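First to last, the sequence lines map onto chains A and B. 9 is the number of the first residue of the first sequence in the numbering used here; add one for each residue after it. 153 is the number of the first residue of the second sequence in the numbering used here; add one for each residue after it.
Simulated from the structure, these hints should not be mistaken for lab results. Computed from a predicted structure; not experimentally measured. Note that the Cβ used here is the ideal one computed from N, Cα and C, for glycine as well. Mixed in with the good hints, there may be bad ones.
Not everything, but these chain B residues come out facing chain A in the computed CB check (under 8 Å) [as the list claims (entries may be wrong)]:
1) P189
2) F378
3) R381
4) Y415
5) S468
6) V473
7) S530
8) G539
9) I606
10) L644
11) G673
12) A677
13) A731
14) P735
15) V759
16) P765
Heads up, simulated DSBU-like pairs for lysine-lysine below, C-alpha to C-alpha not over 35 Å straight-line [stated by the list, open to error]:
17) A/K84 with B/K449
18) A/K110 with B/K656
19) B/K247 with B/K166
20) B/K360 with A/K27
21) A/K78 with B/K712
One letter stands for each residue in the lines below.
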Amino acid sequence: MAIDIQKVDGIVSGYEQSKESLLLILQDFQREFSYVPEEGIKRLSDIFGVPESRIYAMATFYKALSLVPKGRHTIKVCTGTACHLKGAPFVVEAIERRLKIKPGQTTKDRRFSLETVNCVGTCALAPVVVIDEDYYGGSTSENIIKNLKRYT
Amino acid sequence: MEHTKISTIEGLNKYREKILESEKNELPTVFVCGGTPCLAKGSRQVFEAFKKEFGAQGLSGSVELGIKTTGCQGFCNQGPLVTFADKDIVYMGVKPEHVPEITEKTVKKGEVIASLGYRDPQTKEWATEYSRIPFYGHQKKLVLKDVGQLDPARIDDYIAGGGYSALVKAFGMSPDAIIDNIEQSGLRGRGGGGFPTGRKWRSCKAIKTDVRYVICNGDEGDPGAFMDRSIMEGNPHAIIEGMIIGAYAVGSNKGYAYIRDEYPLAIENMKTAIEDARGLGLLGKDILGSNFDFDIKISRGGGAFVCGESSALMRSIGGNVGEPRAKYIRSVEKGLYDKPTVLNNVETWANVPLIITGGVQGYRKVGTKGSPGTKVFSLAGKVVNTGLVEVPMGITLRELVFDIGGGIPKGKKFKAVQTGGPSGGCIPESLLDLQIDFDSLSDAGSMMGSGGIIVMDEETCMVDLAKYFITFLVGESCGKCTPCREGLRRMLDILTGITEGRGKQGDIELLEELCDCLKWGALCALGTSAANPVLSTIRYFRDEYEAHIKEKRCPAGVCKELITYRIDEEKCTGCTVCAKKCPQKCISGEKKRPHTIDASKCIKCGVCRAVCPFDAVIVE
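Could you build all of it, start to finish, from the sequences and the hints given here?
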C-alpha cells in the first residue's frame, strides 16, 4: 500500500526532534494510516538518526501499534476481569464465528478488525464491546451480531 | 474568564474573587455526568437537551454556566446521572424526555422528583438524597470531592472552589517543611505498592544533582481498575497542583504525565488542564512570583501493561521499548535519563493538595494508623451497584461489597473478591471482615493494587480465574527475565490442562513451586507479584482445583471441557428460540414441546442459555 510521505512528514513536523517523541509519532501514524507503514519507519530512522531496528522493536512491543493495516472499523472486545466474569469469552467467540477471524486479524474485505483489550475502564457496563468510538454495554453473543450491522 | 498570566499570589486570590463574582447564578447549576459509562448510556443527549431547554426558556445565567458536564459521579450502572450545585439531589437513569420536567420543577422551584432517584430494591422506596442512598451514604469523598462538581475543562471552576490555594500555602513553606508534612501525614503510594510518599521525596531531594524529574503514573493497566482514569478525566488540576507542590519540594523543574493511550478523554482533559495552567502562569517560569520554574509534558503509553512499572515507564518516556530494569539502584537515585526521579501514581498526587490544605492532623483523622486517608476503588463484577467509590482506609470488605455494593445480584451466593488485579489475589468469604489497608491485604495473600475490586459469585470458577490472569500476564510479560517469560507459560500449560480435564496429581504442587521461583527470581514487581492470583486461589479454593483434577468436574460450571448443556424438560416451553439461534443447529424438538441438545455436536457456546427466556438451559 502506497503511503503519502507528505502526511508522514506532516506528523513528524508537529513534534520536537527528541527520542521522547518517537512513541507519540508512531501512535499518530497508527491513527492516520491505521498501521505503522514501513516508509514511516524508514523516514523516522533518517530524521532521528535511530536504527530502523529500534523503531521496529517499538512498533512490535506496544500493543497499540500494528505493522499491518487495520480494517475500516475496529471491534475491541473488553476482556478485563469484570467482562471476563460476565461472559466476554462468549462474545469473542460469537464474533469469531460470524466474521471468521481471530482477535488480531482483519476481515478480507477490510470491514472489521477484531481485537481483545484488557480493560477499557467501564466495568459497570460489562461485558463491553467498543466499535470505533461507540461503547456497547451488556453485550451478549446475541446482540453484538446485530450491532455489527450498523457498520459498513 | 480571560486567561492572562498571573504573576503573584495576590493576583491569584483576586482572580478567584473575580470568578466567584462573575459566576453568581440565581439558579443552581446542573451537572450532567460525562464519565465514559454515562456517555455510553446517553448523557451527551441529556446535556444537549438541557442546553436546548435552558435556551428556549431564556433562563437567567448563561447556558455555559448553567449546565456542565462533569467527570465520573460514581454510580456508573445507574447512569446517566444528573446533580445540582449546592443541592442534595441526585437523579439517575435520566433521559432527554425528563429534561423539561427537571428544569421546571427542580431547577426553577427546587422541587424534588422522587421517581428519578434511587429505588431501594428491598424496601421499594425512592431516595434522591446522597445520605439516603447506601451507595453514596457509606462513602467518604475527599479525593473525588470535586469530581462531578466541576467542569474538568474549566480551570476557573477548580480555582473558584479553592483550587491552587494549596500551592500558594506550599510556596509559603520551605521544601523540607512540605516533605515533613507529607511524611507525617503517612501518605502511601496509591498505585499499589504502598511505599511512603514522604520518604520517596526525601530520598530524591537528598541526592546532589543538576536535574530531577517528577512523573505522574497514569498508565492504569490493571484490568478492572478505572480510578485513575476518573480522576484524570474529572479533576485533572488536582493532579497538576499536587505535581507542582511535589516538584517544588524536591527541587524539580520538569514533570511528565504518562497516560495510557486507551484513555483518550483522560489525555484530552489533562492536556487542556496543563495548557490552561500554563496560560495562567501556574506552570512555566517563575510560578506566582516564587522564582520556581516547572512544566509538565504528556507522554502517551502504547498499550503495554508492563509500562505501569516505574523503570519500564521511564524507559518508555525516553522513546524506548518499555522493559524494566533490576532495581539495585532505586529510581529516586537513578530514574528517568539516570537522574533522580520521583514517580507517583495519579491518586497519590491528587492527595497532596489535601494534605497541604488540611494539615497533617486533619488528614490523619480519616483512615487507619498505618494507612491514613481514603482510597478510591472501582467496584465491579458480580455486584449490584457498580462504579467508583471512595472510602476511608480500614473499612471492611463486607461493608464495601454488601453495604455500598448492595450484595450479589440475582440472589446468587457470594464467593470471593479479587483485589489488586493480576498482581493481587482472591479473598474468600471467611475473610470478609478484613479491614482494607495496605498491610492486611498483603497478609491475606492479596494486595491493595491500584484499587480494582472485582466481586465473584458461585458461578465463577477459581481455576478459570487463575488461568485468566496468567493468560493476561503471559501476553504482557516483556520477556526480559526467564522466571516471568518461561515460568508463566508453564503455569498456563498446567492450568489449561487442569481446566480441560487433563490435570494430574502433583500439578498443584508444581504450580506452587513455579510461583515460588517467580516470587524470588523475577526482575520487576509485575513478575514477583504474578504468583499471587494462583497462590491465593490455591490457598483458599484448593478443593476446587482438586475437583477439576481428581473428579474432572468444574463445580462452578465454567470450564467447557468439563461441562455439558442440557435442557430442563419441565421449564422448556418449546418456544424454539434456542433452536433457531444455535450456531451448530444441534437443538431439536417439536414446537411447544421440550427440546433437546445433541451433546455430540454442541460447542458449548452458551448462546442457547443466553437467549432462553425461561432459564431452561442448565449447565452440568
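To see whether the hints hold, each was checked on the structure:
With its C-beta approaching chain A no nearer than about 5 Å, B/P189 sits inside the 8 Å limit, and its interface hint holds. Checking B/F378 against chain A: minimum C-beta separation of about 3 Å stays under 8 Å; hint holds. At a threshold of 8 Å, the smallest CB-CB gap from B/R381 to chain A is about 5 Å, leaving the interface hint in force. Annotation: B/Y415 was flagged as interfacial toward chain A, and the flag holds, the nearest CB pair being 7 Å apart, inside 8 Å.
A distance limit of 8 Å between C-beta atoms decides the matter here; for B/S468 the minimum to chain A is near 7 Å, and the interface restraint holds. Satisfaction of the interface hint for B/V473 is found here, the shortest Cβ-Cβ separation to chain A being roughly 4 Å, below the 8 Å cut-off. The beta carbon of B/S530 is positioned within 8 Å of a beta carbon in chain A (closest approach about 6 Å), and the interface hint is therefore held. Evaluation of the B/G539 hint against chain A yields a held restraint, the C-beta minimum of about 5 Å falling below 8 Å.
Taking 8 Å as the C-beta contact cut-off toward chain A, the hint placing B/I606 at the interface holds, the least distance being around 5 Å. Given the 8 Å rule on beta carbons, the hint for B/L644 is violated: about 15 Å separates it from the nearest Cβ of chain A. Interface restraint check: B/G673 against chain A, minimum CB-CB distance 23 Å, threshold 8 Å, status violated. The interface hint given for B/A677 is violated, since its Cβ lies 18 Å from the closest Cβ of chain A, which is over the 8 Å cut-off.
Hint on B/A731 is violated. Least Cβ distance to chain A is approximately 14 Å, over the 8 Å limit. About 6 Å separates the beta-carbon of B/P735 from the nearest beta-carbon of chain A, less than 8 Å, and the hint is met. Checking B/V759 against chain A by beta carbon gives a least distance of about 5 Å; that is within 8 Å, so the hint holds. For B/P765, the suggested interface contact is broken, since its CB lies about 12 Å from the closest CB of chain A, more than 8 Å.
Distance restraint check for A/K84 and B/K449: the Cα-Cα separation of roughly 29 Å lies within the 35 Å cut-off, and the hinted pair is therefore satisfied. The straight-line distance between the Cα atoms of A/K110 and B/K656 is roughly 31 Å, inside the 35 Å bound, and the hint therefore holds. In summary, the hint linking B/K247 to B/K166 is not supported, as the alpha carbons are separated by about 40 Å, beyond the 35 Å threshold. For the given pair, B/K360 sits about 26 Å from A/K27 by alpha-carbon distance, which is consistent with the 35 Å threshold.
Between A/K78 and B/K712 the CA atoms are separated by roughly 32 Å; this keeps the pair inside 35 Å, and the hint holds.
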